[in-house]
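Letter by letter, the chains look like this.
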Amino acid sequence: MAPELQLALAARAENVIVVRQAIAGLAETAGIGPGRVADLKTVVTEACNNVVLHAYQDGPGPMEVDASVGADELQLTVRDRGEGFQPTASAAGASLGIGLPLIASLSDRFTIRGGSGEGTSLVAGFALAPADAPPGETRGETGEELRMTVAPGRLAREVLARVLGALAARAEFPVERLSDTVLLGDAVSDHRVADFLEGRLALEIAEGRGTLDISVGPLKAGGGERMLAAMEIPAGGSLRALTRSAEVRRREDSEYLVLEVAAAD
Amino acid sequence: MDRSENGLTVVLIRGEHDLNTAPALRTHLERLLTEGSPFVVDLTEATFIDSSILGVILQARRDAAASGVGFAVAEGGGAEAVRRVLDVTGVREELPVHGSREEAASQAAGSGSPT
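Residue numbers (the numbering used here), protein chains in the order written: chain A, 1 to 265; chain B, 266 to 380.
Honestly, the hints are just simulated from the structure, not real lab data. None of these values were measured; they are calculated from a predicted model. Please note: incorrect hints may appear among the correct ones.
[Claimed, not checked] Partial chain A-side listing against chain B, Cβ under 7 Å, derived:
| # | residue |
| --- | --- |
| 1 | 14 |
| 2 | 16 |
| 3 | 98 |
| 4 | 105 |
| 5 | 118 |
| 6 | 121 |
| 7 | 152 |
| 8 | 153 |
[As the list claims (entries may be wrong)] Taking CB as the label site, the calculated pair distances span:
| # | chain 1 | residue 1 | chain 2 | residue 2 | range |
| --- | --- | --- | --- | --- | --- |
| 9 | A | 33 | B | 374 | 37 to 45 Å |
| 10 | A | 193 | B | 295 | 47 to 55 Å |
| 11 | B | 296 | A | 169 | 21 to 29 Å |
| 12 | A | 104 | B | 324 | 17 to 25 Å |
| 13 | B | 361 | A | 118 | 24 to 32 Å |
| 14 | B | 310 | A | 172 | 14 to 22 Å |
| 15 | A | 197 | B | 269 | 54 to 62 Å |
| 16 | A | 58 | B | 277 | 35 to 43 Å |
| 17 | A | 108 | B | 269 | 41 to 49 Å |
[Stated by the list, open to error] Examples of chain B residues lying across from chain A (beta carbon under 10 Å, computed):
| # | residue |
| --- | --- |
| 18 | 283 |
| 19 | 314 |
| 20 | 316 |
| 21 | 323 |
| 22 | 342 |
| 23 | 345 |
Idealized CB from N, CA, C, for every residue including glycine.
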């Protein structure tokens, strides 16, 4: 079963809410009820906390989160590439060792795999009432930027809106800028998937000082211009006006549409 | 966000709180403990808390008991994620958690040792 959603981002405390929002978006889109969504949010948060607190000793490394929705189970995997898992209270007393018992109590099954030098994976399963599996997938590399790929449609729209909303809120965007950013995300997720090189919506988001750089791609040749053209509003005006800059760039033989949004002009 | 009522401070925890906001909450509660006035941690408007927030609240309870400062927690049956975490960890009984801000306030006002 290919993951519906894959996220990769730096293992930092401020990134946990981004993962939580993305997973909540996936679960709600899949028609999962509020109680189960609440449990999922807690489990993914506690699993990410373990990565942030325990996986890396010399600054934050990568934190990777996959989620797959099957006919009867949602499977969540939280992975790091650290030295090994230490399920103990941190020196700062931040976790108190409640995290793992919470994961055990709120999931229907969970396992921890890994060893020294190969990183650790925590896999948790949540039994579901039969529901339609959403069509999506997100995938990531690593680094300080967030990378995701997701199949087009409602899932892409929901997950991207939540991720952009969380990042824009964290960058202290005023409310109208935050909704502008989500609107741009909607335009990206509504764009025809044929313009994406991998047949899936793919993008990276890098945070600057009060700005977000959204690199949409890799795209097929001309895909960036077509996406910009699709942002023109028939009655006049353009969603481009919501960005500080919007330009097509080439990188590693691929095309990207880079949208810069800022908290202020 | 705090509100003071008759010498009692209500620490209102609003929205989502986790590892990222726990240090600021810890610092804030430690300051209230140093001041020595009774306080209520009000979770009625919280939509999400994780184990690091629970850890800060539990530590505050221990410190308050040790120094005779009135302390109580309120949770008004709001967000599912908050309710579940309090239930599953057993913290609801351990703290204990009161069903309303008013109930917690009267507990906090009466629970400190008179100085």
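These are the hints, each one checked on the structure:
| no. | hint | verdict |
| --- | --- | --- |
| 1 | 14 | holds, 5 Å |
| 2 | 16 | holds, 5 Å |
| 3 | 98 | holds, 4 Å |
| 4 | 105 | holds, 5 Å |
| 5 | 118 | violated, 25 Å |
| 6 | 121 | violated, 20 Å |
| 7 | 152 | violated, 28 Å |
| 8 | 153 | violated, 27 Å |
| 9 | A:33 to B:374: 37 to 45 Å | holds, 39 Å |
| 10 | A:193 to B:295: 47 to 55 Å | holds, 52 Å |
| 11 | B:296 to A:169: 21 to 29 Å | holds, 26 Å |
| 12 | A:104 to B:324: 17 to 25 Å | holds, 23 Å |
| 13 | B:361 to A:118: 24 to 32 Å | violated, 43 Å |
| 14 | B:310 to A:172: 14 to 22 Å | holds, 21 Å |
| 15 | A:197 to B:269: 54 to 62 Å | holds, 59 Å |
| 16 | A:58 to B:277: 35 to 43 Å | holds, 38 Å |
| 17 | A:108 to B:269: 41 to 49 Å | holds, 45 Å |
| 18 | 283 | holds, 5 Å |
| 19 | 314 | holds, 9 Å |
| 20 | 316 | holds, 4 Å |
| 21 | 323 | holds, 7 Å |
| 22 | 342 | violated, 13 Å |
| 23 | 345 | holds, 4 Å |
Of the numbered hints stated above, those contradicted by the structure are hints 5, 6, 7, 8, 13 and 22, listed in ascending order.
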